[in-house]
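Novice: The whole structure should be built from the sequences, with the hints applied where relevant.
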Amino acid sequence: MVVSCEQVWREISNYLDGEVSPELRALMEAHFRECKHCTAVLDGTKNIVHLYADDRLVELPAGFSARWQKRLAESMPSPRGTVYGWLIAVAALALLSGSFALARFDSSPLAALRSYHSEPGVGVPPEMMVEIATDGKTFHVPGCKYLHKHEHEAEGEVRLVAAAEAIREGYVPCVRCLRQYLSR
Amino acid sequence: MLRRITVVERTADAGNESESSLIARICKGESSLFATLVKPYERRVYVTALALLRNDADAQDVAQEAILKAFANLRQFRGESKFSTWLIQITVNEARMRQRKQHAQLFEPLVESNDEEEGTYTPRDFADWREIPSEALERSEIRTLLAKALASLAQKYREVFILRDVEHMSIEEAAEALNISIASVKTRLLRARLMLRDILAPDLANGWFSRAPFGKGSKPW
Numbered sequence: 004m005v006v007s008c009e010q011v012w013r014e015i016s017n018y019l020d021g022e023v024s025p026e027l028r029a030l031m032e033a034h035f036r037e038c039k040h041c042t043a044v045l046d047g048t049k050n051i052v053h054l055y056a057d058d059r060l061v062e063l064p065a066g067f068s069a070r071w072q073k074r075l076a077e078s079m080p081s082p083r084g085t086v087y088g089w090l091i092a093v094a095a096l097a098l099l100s101g102s103f104a105l106a107r108f109d110s111s112p113l114a115a116l117r118s119y120h121s122e123p124g125v126g127v128p129p130e131m132m133v134e135i136a137t138d139g140k141t142f143h144v145p146g147c148k149y150l151h152k153h154e155h156e157a158e159g160e161v162r163l164v165a166a167a168e169a170i171r172e173g174y175v176p177c178v179r180c181l182r183q184y185l186s187r
Numbered sequence: 568m569l570r571r572i573t574v575v576e577r578t579a580d581a582g583n584e585s586e587s588s589l590i591a592r593i594c595k596g597e598s599s600l601f602a603t604l605v606k607p608y609e610r611r612v613y614v615t616a617l618a619l620l621r622n623d624a625d626a627q628d629v630a631q632e633a634i635l636k637a638f639a640n641l642r643q644f645r646g647e648s649k650f651s652t653w654l655i656q657i658t659v660n661e662a663r664m665r666q667r668k669q670h671a672q673l674f675e676p677l678v679e680s681n682d683e684e685e686g687t688y689t690p691r692d693f694a695d696w697r698e699i700p701s702e703a704l705e706r707s708e709i710r711t712l713l714a715k716a717l718a719s720l721a722q723k724y725r726e727v728f729i730l731r732d733v734e735h736m737s738i739e740e741a742a743e744a745l746n747i748s749i750a751s752v753k754t755r756l757l758r759a760r761l762m763l764r765d766i767l768a769p770d771l772a773n774g775w776f777s778r779a780p781f782g783k784g785s786k787p788w
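Chains A and B, in that order, are what the protein sequence lines are. Mapping of the first sequence onto the working numbering: residues 4 to 187, in sequence order. Mapping of the second sequence onto the working numbering: residues 568 to 788, in sequence order.
Hints are computed from structural coordinates only; laboratory data are not their basis. Don't take each hint at face value.
Which residues of chain A face chain B? A few of them, derived with a C-beta cut under 8 Å, are [stated by the list, open to error]: (1) Ala29; (2) Trp71; (3) Leu75; (4) Glu168.
Bear in mind the structure is a predicted one, so any value in this text is a computation, not a measurement. Cβ atoms here follow ideal geometry from the backbone N, Cα and C, with glycine treated the same way.
Specialist: Take a look at the structure:
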């Protein structure tokens, strides 16, 4: 039994997706060995699937993540006015008084931003590991070439820390390697 | 058979259990976790919206609307399908609503197939293709070519192709997200792939992509 070119074209997509029976697959493979036209169609279609599967074809616009997260946060119901809201407010007050008490022992629970020209990141995953330089202002994806290092510092003074810690120390996201976490 | 498992799929599969517990926690009031739930799929949401609307500003807006709508309706998600499929279904619906508002059908693409879906699509070009290295995508003219070719397909082919071949959803997931039958997904996917091949063959099959970068006066257009 043989298959015609028309039958091959009808099934070529299913063939690529592994959605044809073993019998039809064997028949199609026999056909491809004999038919240059159908082989050309198969190779071209494979190329199409291969090229379009690449993530580089469409890039997320810069700031897209930050923008939807900001809108989402704005759309979330405010606890104000509800019983839970009052409970949260009381809890917050307790926390605040607690933090004042703690402040006597720790004078800098959250450092000011190290860069006055930058802005804090939005939606940075707190557990993401980032690199910071002791004398730098920004945190980076490990290996980012824009990580600021002073040449005279032989030790490098570069630390790998969780993003939450970097933020706590006043570092802001690198505008190049972590631009998706900047709101603009 | 082409085996295409993406990072997103692997993450989603491995994280299904934690995903359902995340959803339960969000429904119980931990709203701030919703961003964590959606983050792995944000690209898929944007790309789907872009594929349907073919305009970055509209796509970003619709993607945001879809995410907000998913948050507002999360309690209605029953877990019968994957969360990602449900999210894409919302995105597709939002994009279609936006198109209706804009009367986008007046501007439907130029390349329409005259054949009925059930009929056989006859390839027009039988040029022999060499394997195109993925490095070709480093070149912006290649990316532009591919994007233009995709944008020229009729919407019913474009949306199936995007979900299946760009965003790597399974045939079943694509059918569910688009609210069409599995058979329709397969037929439209076949046509989309063959039409794209025909559209791109004159530029890609002759291997000009692998030649040296174009100098002055040597552009092929």
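Novice: Among the hints numbered above, which are violated by the structure, and what are their numbers in rising order?
Specialist: 1 and 4
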